[in-house]
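Grab the two chains, each in its own frame, and use the hints to assemble them into the complex.
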Amino acid sequence: MSRHVHKSLVFLFLRRMRMPLVVLIAAYAIATVGFTLIPGVDDQGNPWRMSFFEAFYVVSYTGSTIGFGEVPYPFSQGQRLWTMVSIYLTVIAWLFSIGSIVSLMQDPAYTRALRRARLAWKVRNLNQPFYLVCGYGDTGRMLTRALTDRGHQVIVVEQNQEKVEALEVVEFLTPVIAFCMNANLPDNLIEAGLRSRWCAGVIAVTGEGHVNLKVAISATLLNHKVTVYASADTRNDADNMRSFDTDYVINPVDEYVRRLDLAIDKPDLFRLYHWLNSGPGARLTHATAIPRGKWIVCGYSRVGRAVYQLLQHRGMNVTVIHHDPEQAGCPPGTVRGRGTQAEELDAAGIADAVGIVAATSDDADNLSILITARALNSELFHVVLENGLSSHALFRAAEPQFLGQPSMVVAGTILSRISSGLVEPFIALLLQQDNDTGRNALARFLRHQSNHPPEFSSGRVSNRRSPALARALSAGQRITVGNLLADPSDWRQRLHLEVVMIRRQKDDILFPADDLPLEMGDRLLLAGRDGEAQRLQAVLENDQRLEYLLTGKDRQQGLFWQWLERRSQG
Amino acid sequence: MNMSKVVFGFFVLLAVTLNFGFFLGDIDNPEHHDVYELFAALVVSLIATVLKFGERSQMGAILLASSLVVNLHLLAAALVWTISVHVIEVGLTPRVMASIVSLSGGALLANLVSLVLLTLDTAGLSRK
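Just so you know, the protein sequences line up as chains A and B, in that order. Everything in the first sequence is counted per the numbering used here, starting at 1 for the first residue and increasing by one. Everything in the second sequence is counted per the numbering used here, starting at 1 for the first residue and increasing by one.
Take these hints with a grain of salt, some might be off.
From the structure, some residues in chain A lie toward chain B, with a derived Cβ separation under 7 Å [stated by the list, open to error]: (1) ARG18; (2) TRP48; (3) PHE52.
Far from chain A by the CB rule (all over 12 Å, computed), these chain B residues [stated by the list, open to error]: (4) LEU13; (5) PHE20; (6) LEU24; (7) VAL44; (8) HIS86; (9) SER99; (10) GLY105; (11) GLY106; (12) VAL113; (13) THR122; (14) GLY124.
Computed beta-carbon distance windows for the label pairs [unchecked claim]: (15) A:LEU9 <-> B:LEU68: 16 to 24 Å; (16) A:MET105 <-> B:GLN58: 27 to 35 Å; (17) A:THR111 <-> B:GLN58: 27 to 35 Å; (18) A:GLU70 <-> B:ILE83: 19 to 27 Å; (19) B:SER4 <-> A:ARG150: 54 to 62 Å; (20) B:ALA65 <-> A:LEU9: 46 to 54 Å; (21) A:GLU70 <-> B:SER4: 13 to 21 Å; (22) A:ASP43 <-> B:LEU68: 36 to 44 Å; (23) A:ILE101 <-> B:ALA98: 40 to 48 Å; (24) A:TYR61 <-> B:ARG95: 54 to 62 Å.
Just so you know, these hints were derived from the structure itself, not from any lab. Here a beta-carbon is modelled for each residue, glycine too, at the ideal position from N, C-alpha and C.
Bound conformation, chain B alone (with noise of 0.2 Å):
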């Protein structure tokens, strides 16, 4: 057992759970998606594509760049969020959350491109 892999596995995972319990609930409900639960999918995230950095192969090129998709996501919709309550101040109202929740879904999609690519690539290291 490779503990790196381990590490790597595990944030790639965090991320994606994370970013779909941020995901699930109605999607314009303030009330379903706590921010707490953004800030840590973002983190995870974070660290995830530093630990994809310097990656040669090409599965490793396509993970990085899926997680940079990811952040792109989970940026935009921190910052949408930060936008509309403390600088213009409108609040979490119906539509400000659909556009924040949404965009986490598109991070998930990315997400989930991550893990499949990720299983793809120990069932094939499994194989050999």
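In isolation and in its complexed conformation, chain A is listed as follows (with noise of 0.2 Å):
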């Protein structure tokens, strides 16, 4: 398809050039031909007429307007005649193509072909693992940041025009591949790389539900390899996606209700899984205990209604506020608004509430919903939907104890995922526990960094991947998490890392001890500050920073220095 379109520019510039070059070689032709047919006079008065040769050489020059005068001889009168003509032909045929070339260069159509087709020629050279982001909204543009930071390749592929530009003027540190194009269309996937070996994976976050789900489609047809992570709006497109094995889907209403959920059972869970699923740029949330009673919820959209299902399902006693109970079929009771009237919040009951959640569709609405009820009532717990990260500020500044923005939500459970195959079983298994394991795990990442969430990698008993252990558990030496975990540099420091997770066969064990000892095969979840994962890579496959984390005996490499070391012993 690519290729295609190169080709086509070729041909269309060519098709575009006939007219200017027959002008041209006509010019030329007839001011030639003109000066070997007029009679001249050579140096000793002789009649003379140019020969082909001299004639063309005398309209090169003027033609360029370089004019090196009268050669060989002076000209006749006849002759200069000629060379006015030829020069007005030869310079307007010029002026000619030349502004056909430049007019066929500003033409927008054949420009952004252009454009399109060295993208594509990028992105048919690229040898590294690539990430296709579809879709460069808030979600997008947060992945693509995120993506970069961590040294991955990124292309986008994104509808709107000016979202293109705005992406184009940012610095990333590795450069971003942008297309404008529409993401529905396979065609467009395979031109952005979709079928590239390099492909790592697909991640569609367009806003548009059925579109993630097209691309959804095309990406696990069209290349068997990929992994397809897929943000989906409703149930139904995530059921759908599900249904032809789409490897993550992220349905953003399910993510916050599952969140808000495990907020009001397992507050320090919540803090860790929220901590772990939104992003590099995630803080810690303060402890938070949901309180029960009286909530109400503003606007019953998508998430409200959900949210409204949740606090009913937990026995809350919950009234619903929109502003057109009717059609949105509101539970009964429903107070008529938007609830950024303090009358309407009134008759919801505020005085009496220990909660309310502002999920309509507009952020000023919930932003307003959110200051009006702290004016009525100042002990209420605050649940904001922010749509937009455009105010984002504003939603930091209202200070509520809960937010939820779908795009950091999707952004951050997708990032996390990325990083490797075994966080999807960690995730799912740790939301079985409950909340004190949830805060000892906390703890034990709160050793390590403060406020930047942690980084996840995995590892491999294997000969491959880890060489150096391999060999060591061949030999029968017993060798524990914990050994794995000592600094490289000084063995009794601890790296600023956690094996959050062992997969042996089919068990998942989570949090394992210090002194479990590693087998052969083991694939372990590692979590901690961000690099440390490679300084344990390192000691993996190299022997003597192995047994060193073993014995804390440094082994000098080379005779010289064993030797040395042997006499040291005596």
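As structure tokens, then:
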């Protein structure tokens, strides 16, 4: 497809150049023939006529406005007359053809096609794994930023010209290739590198559910090896995507409700979960217990409805405020209004409520609800939905206890899954634990980092991935999880890293104890400070360093040092 | 009737006829081969080449290729002429003339291929 575009560009150029080239050739031919026909006089006064060679020579330098003068002999009047004619002829022909090229180069359709061809060429020449991000909204922007910060190559497909232009002026650690085209069309995705062997993952986070669905289908069908991450707006879409084995389907509403649900029962587990799944810019939330009692939900949108059902299910007394209760199918007792007016909130019983959920689809309304409600009842627990990131500063300033950002939820969830294939089973296992496990795990992580979320990475005990470790294990040495986590430059210190899960055959061991011995074939999920996992990887590949970790002794390399060591031990 | 087809056919045909006219005559006799005719053949063949630019069909590609061959031959012929007369100044000896005319003969062959292709194309078109 892309090669096709490139080829058609050449054809388009040649077709457009037909007329100017014909004019140019004709002008040169006429001028040259003219010179051979006009009689002149040589230096001895004999009649003389130019040959084609001399005529073409004269035309060549007059046509290009260089003008050496009258060679080889001074011109006759007739020749001078013809020189004037040929100058005007050739110069105008040149102007015409250069003008045609310039106008072609400025033609928006042509430049767009040229740009696309150039980008497609870049994609074909990529030689490292890349992620294909479809949609450069809030979610796409966060993902692109985080992925490039981790050193991944990213290709963005976005239909909106303005968003692509905004992207192009932003600096990224690795250059981002941005296509301005519709991700809905599979051909466009192929042009953006979907079928490339370097395509590591396709991330469908456009604002429209059906486009995400289409991207997920295209990616699954056109490249079996690629991992697909897709955001689904509705449960229908999500089920649809799962039906054709989309690797990761994230439904922001479900994800939001899941977090709220966690926050009700297991506040510490919620903090951990939210911290791990909100992208690299996430901050650890304060410990907050969601109070039980009477709740008000403003806006019966998809989120509002899901939150209502959750709270109702948890046995709380919930009143809904919606501007059109009949149409939205609100529960009985719904107050009509937006929730931004004090009367509406009073009618919903704000005086004796313990919490309010502002979940309308308008960010200004949500902020207004928050502020009005706070004025009426200062003890309220606030849960706010932030639809777009454009007014993020306002939301931060309003300081709600629980802030839901669909774009961040989607981006964060996708990012943690991208780090390792073990993250998904780890999270699933984590969610089944009780709050105490969550609190202990959080405390473990907080030994290593204060606010910045830990980075996931994976390792494997195998001959290929960790040769030194595999050799030591086959030699019958006992190596525990704790051994691995010692600092390779000072074995008494500990790396700022945790092994959070070990997958051994079919079993998953969550938060393995330090004295658990490792076995061949173990897959490790690590989480810790950025870059610490790389230090561990160096140990796994190097016998000397591994021995240092196990014994605390530096085995010297080279015969001389070994001899010296033997002597000093006497 | 398509005007662009007329122009296209005209130039292709004219290139063949001019080339043929130049080629006609004793191979080593300068009297039988006019320099203007060679120049005209070259210019018309150049224009015919440009007119074939940007043609996407298989036929268009072969036509362009044959035209490029014609240009190459005629340019070579013109260069031989220029160099022998103006640069090394041996003049139009029978050997030089034979070389020029045989080059233009090669061009004529390629031009004829062009013509046959064009005729086939037109015949195919009229059958549809």
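Against the structure, the hints:
1. ARG18: 5 Å, holds
2. TRP48: 14 Å, violated
3. PHE52: 6 Å, holds
4. LEU13: Consistent with the label, LEU13 of chain B stays out of reach of chain A, its closest Cβ about 16 Å off (over 12 Å).
5. PHE20: 19 Å, holds
6. LEU24: 20 Å, holds
7. VAL44: Violated: least Cβ distance 9 Å, not greater than 12 Å.
8. HIS86: 5 Å, violated
9. SER99: Non-interface label stands for SER99 of chain B: nearest chain A Cβ at 17 Å, farther than 12 Å.
10. GLY105: The assertion about GLY105 of chain B holds, with a minimum of 20 Å to chain A.
11. GLY106: Consistent with the label, GLY106 of chain B stays out of reach of chain A, its closest Cβ about 20 Å off (over 12 Å).
12. VAL113: 21 Å, holds
13. THR122: Check passes; 20 Å lies beyond 12 Å.
14. GLY124: Consistent with the label, GLY124 of chain B stays out of reach of chain A, its closest Cβ about 22 Å off (over 12 Å).
15. A:LEU9 <-> B:LEU68: 16 to 24 Å: Roughly 21 Å apart at Cβ, these two residues keep to the hinted range, so it holds.
16. A:MET105 <-> B:GLN58: 27 to 35 Å: Hint holds: Cβ distance 30 Å, inside 27 to 35 Å.
17. A:THR111 <-> B:GLN58: 27 to 35 Å: 30 Å, holds
18. A:GLU70 <-> B:ILE83: 19 to 27 Å: Given about 24 Å between the Cβ atoms, the range holds.
19. B:SER4 <-> A:ARG150: 54 to 62 Å: 57 Å, holds
20. B:ALA65 <-> A:LEU9: 46 to 54 Å: 21 Å, violated
21. A:GLU70 <-> B:SER4: 13 to 21 Å: For SER4 of chain B against GLU70 of chain A, whose Cβ atoms are near 41 Å apart, the range 13 to 21 Å is violated.
22. A:ASP43 <-> B:LEU68: 36 to 44 Å: Because 42 Å falls inside the window, the suggested range holds.
23. A:ILE101 <-> B:ALA98: 40 to 48 Å: Once the Cβ atoms are compared, 42 Å apart, the range 40 to 48 Å for ALA98 of chain B and ILE101 of chain A holds.
24. A:TYR61 <-> B:ARG95: 54 to 62 Å: 32 Å, violated
Violated hints, in rising order: 2, 7, 8, 20, 21 and 24; the structure is consistent with all others.
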